[in-house]
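Undergrad: Just so you know, the protein sequences line up as chains A and B, in that order. For the record, in the first sequence the residue sitting at position 260 is 260 according to UniProt numbering, with numbers rising by one throughout. For the record, in the second sequence the residue sitting at position 191 is 191 according to UniProt numbering, with numbers rising by one throughout.
Possibly wrong hints are sitting among the right ones.
The list treats identical chains as one, so a pair stands whether inside a single copy or across any two.
[Said to hold, decoys possible] Straight-line alpha carbon distances no greater than 25 angstroms define the calculated SDA-like cross-link-like pairs of lysine to any residue that follow:
#1 K97 - I41
#2 K6 - I170
#3 K166 - E33
#4 K134 - E199
#5 K134 - V241
#6 K36 - M161
#7 K30 - T172
#8 K30 - T246
#9 K30 - M88
Bear in mind the hints are in silico, worked out from the structure with no lab data behind them.
Number of protein chains: 2
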Amino acid sequence: MNFNEKLKSKQDLINSYLREYINIKDAPEKIVEAMKYSLMIGGKRIRPMLAISICEALEGDLNEVMPFACGLELIHTYSLIHDDLPSMDNDDLRRGKPTNHKVFGEAIAILAGDGLLNSAFEIMLDAAASGGYKNKYIRAIAVIARASGVKGMIGGQVIDMESEGKNIDIDTLYEMHSKKTGALIEAACIIGGIIADREDKLEEIRNYSKNLGIAFQIVDDILDCVGDSSKLGKMVGSDEVNGKSTFVSILGLDKSKRLAEKYSKSAREIAKVLDSTGFLVELTDFLLNRDH
Amino acid sequence: MNFNEKLKSKQDLINSYLREYINIKDAPEKIVEAMKYSLMIGGKRIRPMLAISICEALEGDLNEVMPFACGLELIHTYSLIHDDLPSMDNDDLRRGKPTNHKVFGEAIAILAGDGLLNSAFEIMLDAAASGGYKNKYIRAIAVIARASGVKGMIGGQVIDMESEGKNIDIDTLYEMHSKKTGALIEAACIIGGIIADREDKLEEIRNYSKNLGIAFQIVDDILDCVGDSSKLGKMVGSDEVNGKSTFVSILGLDKSKRLAEKYSKSAREIAKVLDSTGFLVELTDFLLNRDH
Numbered sequence: 001m002n003f004n005e006k007l008k009s010k011q012d013l014i015n016s017y018l019r020e021y022i023n024i025k026d027a028p029e030k031i032v033e034a035m036k037y038s039l040m041i042g043g044k045r046i047r048p049m050l051a052i053s054i055c056e057a058l059e060g061d062l063n064e065v066m067p068f069a070c071g072l073e074l075i076h077t078y079s080l081i082h083d084d085l086p087s088m089d090n091d092d093l094r095r096g097k098p099t100n101h102k103v104f105g106e107a108i109a110i111l112a113g114d115g116l117l118n119s120a121f122e123i124m125l126d127a128a129a130s131g132g133y134k135n136k137y138i139r140a141i142a143v144i145a146r147a148s149g150v151k152g153m154i155g156g157q158v159i160d161m162e163s164e165g166k167n168i169d170i171d172t173l174y175e176m177h178s179k180k181t182g183a184l185i186e187a188a189c190i191i192g193g194i195i196a197d198r199e200d201k202l203e204e205i206r207n208y209s210k211n212l213g214i215a216f217q218i219v220d221d222i223l224d225c226v227g228d229s230s231k232l233g234k235m236v237g238s239d240e241v242n243g244k245s246t247f248v249s250i251l252g253l254d255k256s257k258r259l260a261e262k263y264s265k266s267a268r269e270i271a272k273v274l275d276s277t278g279f280l281v282e283l284t285d286f287l288l289n290r291d292h
Numbered sequence: 001m002n003f004n005e006k007l008k009s010k011q012d013l014i015n016s017y018l019r020e021y022i023n024i025k026d027a028p029e030k031i032v033e034a035m036k037y038s039l040m041i042g043g044k045r046i047r048p049m050l051a052i053s054i055c056e057a058l059e060g061d062l063n064e065v066m067p068f069a070c071g072l073e074l075i076h077t078y079s080l081i082h083d084d085l086p087s088m089d090n091d092d093l094r095r096g097k098p099t100n101h102k103v104f105g106e107a108i109a110i111l112a113g114d115g116l117l118n119s120a121f122e123i124m125l126d127a128a129a130s131g132g133y134k135n136k137y138i139r140a141i142a143v144i145a146r147a148s149g150v151k152g153m154i155g156g157q158v159i160d161m162e163s164e165g166k167n168i169d170i171d172t173l174y175e176m177h178s179k180k181t182g183a184l185i186e187a188a189c190i191i192g193g194i195i196a197d198r199e200d201k202l203e204e205i206r207n208y209s210k211n212l213g214i215a216f217q218i219v220d221d222i223l224d225c226v227g228d229s230s231k232l233g234k235m236v237g238s239d240e241v242n243g244k245s246t247f248v249s250i251l252g253l254d255k256s257k258r259l260a261e262k263y264s265k266s267a268r269e270i271a272k273v274l275d276s277t278g279f280l281v282e283l284t285d286f287l288l289n290r291d292h
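One chain only, chain A, in its complex shape (with noise of 0.2 angstroms):
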């Protein structure tokens, strides 16, 4: 299999795993729904992608990752559905579909966020119970939990929210986005070290998904500025239009791109080491190197 057919084989793989989890019986139908709208919506899955990657590449089990790769995702597609509300965002699409609270009302929307990162738990802790309660399984959860609370995701978008229309300096920036999507990114791939018994190559994991996570966000901005907004599903200029600073309205575009360049060689290279079989640097360059 080539590159692309081995992503789909592995986003499909994730899909089906999504699929079955979102499956809740004994709920509400309608909350269900509107949680199962934007979990399978679309999306390039990459935090269930880079976790059961770092696994398989430390020979880690791939079936034993899944249900906290899956919790990442779930944690995720609720941080859209609340940074979409009209009182946060106001967006009214998001990958190219309307936004949760545009489908099913504002008060739905808040509560299937809700839901979601609470059946990230349910997921997740379930799993740890059925898999034989193990240590390692309560400290991939922990680091997930850590990584999505106020210190990691939700932290940040307090901080972008506090920056709008604020001129913030280059620290505040990469602190945002160190918070608000480097967190989670560095949790993914963590927890594929963790589950794969191999603490010992934790820290150049977080080393390598500390410069993906940055590179992936100047890529973004890059994107937001230059982009094509047929294959992003949003707006190009939305930044400029929410007044917010990003890569491109601090350092400019030229310079942008040239950090772009540098922290996408350094995750290259990590990646090169930690996984021998050459998956994660195509991931890598797969994530980095695109128009959407």
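Since chain A is already given, all that's left is putting chain B on it; use the hints.
TA: Okay, now just chain B, sitting in the frame of chain A:
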């Protein structure tokens, strides 16, 4: 010590743990302030109180159950913040004070709720790790996660919203309450037994909590109808204004009072057996013979 002194001493202890847990560093001040505002504004601490009281009654370690007991209080608090939002119940007052979104704005209130739910899991997972990764910790956290999710509390909130302005039958009302408030009360009681290593008592505890939960809710409905708003810290008659079906609106006041007495009596009988010191009986009386 008499009952009131014992209760006060336990509440003080719970509050000191909560104050410690919510003293979060490495996170934006604003969000921590908003979370703290709603968490420390008061309240009877019913859920942690039940968890520690049942754990103690079964000769478990009070300090060991505390992180899970407090996790429940954080989850309860987040649910109140989100329930009060303009797109949900649109309440301005909670416990006689302005609701979270009235003080911090809607966006921060949503994030503060998310942060409290997430922090609950962080606290409980940290305790599981530092307490030596015992299996019972995963079981306790899983019980709480299930109770707070779409099969429990969130599901109950959806049924509540869907029932607004409609005439629902008594079975739907039971289901709504058993999920919306009953599930967390049940989880509180159950984790007391789990942490005390008394799996043999769980059925009895579940039975106690179900009777307590439903009695508690009927008393709540009665107070909303005939209570004193200055003691309740909220408007009396708000259920009627909001078009909500209650035990009183479906069964009438007299029948509701008789039903509350029936469930209270059952809860009291089981409490007597569960706790030879008598504290749980007194706590049950305190929760059910209240005027606010």
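Undergrad: Please list, smallest to largest, the hint numbers that this structure does not respect.
TA: 2, 5
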